[in-house]
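Trainee: The primary structure of each chain is shown beneath.
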Amino acid sequence: MRLRGYRGSDADLLAGPWLPGELLGLPLADWPPLAAPTTVPPPADPGQELCIAPGLGFVRYTELDWVHRRARVEIGLHGVDGLDVLLKTVVAHGFLTLNLSRIHGWVTPLVDPPIGLLADVGFQREAVLPEATWLDGRPIDREIWGVVRND
Amino acid sequence: MTEILSLQRLDTDMAIAELKSCGGAARGFLGLDPVTQNDSLLAAELKSLQAQLFSAGETVVGFAPNTDQPRQAYVASTSADPEPLRALLEFLTTYQRCTTFVAMVPDGVENCFADCGFEQVGVLPRHRWQNYDWQDVLVYVGRADSCRS
Amino acid sequence: MTTTETPRWSSRPYSDADRDAVLALYTEPDFYFRTGDPDTRPEWEILELIDEDTHVLLADGEVVGLYAVESEANNACHYSMQLRLRASAPPAWWQSAFGELLRANTWRREVVRLALRFDEFDYRGLAFARSAGLREEGTLGAVTVHEGRRHGYVSFARIWEPIS
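Chains as they are written, first to last, in my numbering: chain R, 37 to 187; chain Z, 79 to 227; chain V, 603 to 766.
If you're looking for bench data, these hints aren't it; they were derived computationally from the structure.
Note that the structure is predicted; figures quoted are calculated from it, not measured.
Quick reminder that beta carbons are idealized off the backbone N, C-alpha and C, glycines included.
Be careful, since some hints might not be right.
In silico SDA-like pairs for lysine to any residue, Cα to Cα no more than 20 Å straight-line [claimed, not checked]:
1. Lys98(Z) with Ala121(Z)
2. Lys98(Z) with Ala122(Z)
3. Lys125(Z) with Ala80(R)
4. Lys125(Z) with Asp81(R)
5. Lys125(Z) with Gly83(R)
Per label pair, the in silico range of CB-to-CB distance [what the hints assert, rightly or not]:
6. Leu119(Z) with Val116(R): 33 to 43 Å
7. Asp185(Z) with Ala128(R): 24 to 34 Å
8. Glu654(V) with Asp66(R): 40 to 50 Å
9. Arg711(V) with Gly186(Z): 30 to 40 Å
10. Gly152(R) with Ser682(V): 36 to 46 Å
11. Arg40(R) with Pro764(V): 18 to 28 Å
All chains, full assembly: derive it from the sequences and hints.
Mentor: Quick look at the structure:
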């Protein structure tokens, strides 16, 4: 798999029923029909790298910091097929194409993300932040997961 | 009850000047770095974070709201003295209705968070590059009911 | 469509693409969304009633109403809601749509108070509010003129126990 650059025709992929900023933004089955979908803006400046995973969704490297060579990654997917391959591609694109040293992102345990797939590509749980976001009428915990390039 | 240090709100230009005057103590303050970032970049970052900064004596303290959870704020201080941070937490609890606080502090820098009741909840490895080397960042969390003086 | 079965609800922020459907709603003489005289208002005036908070409400993909939710106070978790369905929508649709709107609006934020108000002459709005379990908080009298008489509006609210 290879990520490709965003085009205006991909705009529909930038909104969906997943938590904002989520490293593994997968569709939540119980998202209320009248709740606004989460959206990310189309890329318009060098401060973020937004790529399209063909047939799946978007991968956004944001909070890009070229001094510290790191980025926070958020992914929004409209399906779960091929997630393992996508995550390998996300790490490879971050480390090799963007030449980052570290990528990290938010994981929300309550929505039961497939963290085993994250661990398979080198991500580790680095911090647990209580009450870091809001879902379904209450504050819930969030975790920071990250992977560091070793070379 | 001990007397709370008074906070002076800083506008953006003054906040940047004060951070720069703190030198190395301000590196990593809310993720900023007044050594490697110029004034316009610092101003843009402060605006993006919706940060508010205050002076408390010789110390600069500040916060940025967690826009995903308005009862949580990211906090920072340029000093290891706990009193300025306690004043900030008191302000955030009273006027912003914050219930939890998060601090991200470069490892190896003396800080006041444990003294103010914060608990370390993680480490972000090699999160920063400084002085020719990678540097970890420590993550602390405090709760309003246990962090105020 | 006038069935009493619960439809599949969806919504979107108002856009120019919804203009004809929204203008059609305002041909009904009791489509009281931000006006007491909907069918006599010209197009420009109707469009001025629609702001960035206004969403079109769709039942099974068809525009059947409007709603808007606005913040009333920073940090206080206090919101107000305006909701209007077209005349052919049965009372069960009002209850169903309101239930989904409550769920949607508490999904990603805390809500402690949600206020609604209906004009005294708005019988369908009042009937909905009184059957929805809302707290009736009183009437502010003589705030508008409708069909030659002065009327007030009736305030309703739902209040939740703060959890943060």
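Trainee: Hints first: check each against the structure and report whether it holds.
Mentor: Quick rundown of the hints versus the structure:
Between Lys98(Z) and Ala121(Z), the direct Cα distance comes to roughly 12 Å. Compliance with the 20 Å bound is thereby established for this hinted pair. Straight-line distance between C-alpha atoms of Lys98(Z) and Ala122(Z) comes to about 15 Å, which keeps the hinted pair within the 20 Å bound. A threshold of 20 Å between alpha carbons decides the hint, and for Lys125(Z) with Ala80(R) the separation of about 18 Å falls inside it, so the pair holds. Simply put, Lys125(Z) and Asp81(R) have alpha-carbon atoms about 17 Å apart, close enough for the 20 Å limit, and the pair holds.
At roughly 15 Å between alpha-carbon atoms, Lys125(Z) and Gly83(R) fall within 20 Å of each other, so this suggested pair holds. At about 39 Å, the beta-carbon gap between Leu119(Z) and Val116(R) stays in the expected band of 33 to 43 Å. Against the hinted window of 24 to 34 Å, the Cβ-Cβ separation of Asp185(Z) and Ala128(R) comes to about 28 Å, which satisfies the hint. A hinted range of 40 to 50 Å is violated for the C-beta pair Glu654(V) and Asp66(R), which are about 28 Å apart.
Checking the proposed 30 to 40 Å range against Arg711(V) and Gly186(Z) shows it holds: the Cβ atoms sit about 38 Å from each other. For Gly152(R) and Ser682(V), the Cβ-Cβ distance of about 45 Å falls inside the hinted range of 36 to 46 Å, so the restraint holds. Judged by the Cβ atoms, the range 18 to 28 Å given for Arg40(R) and Pro764(V) is violated: they are separated by roughly 47 Å.
Violated hints, listed in ascending order, are 8, 11; each of the other numbered hints is respected by the structure.
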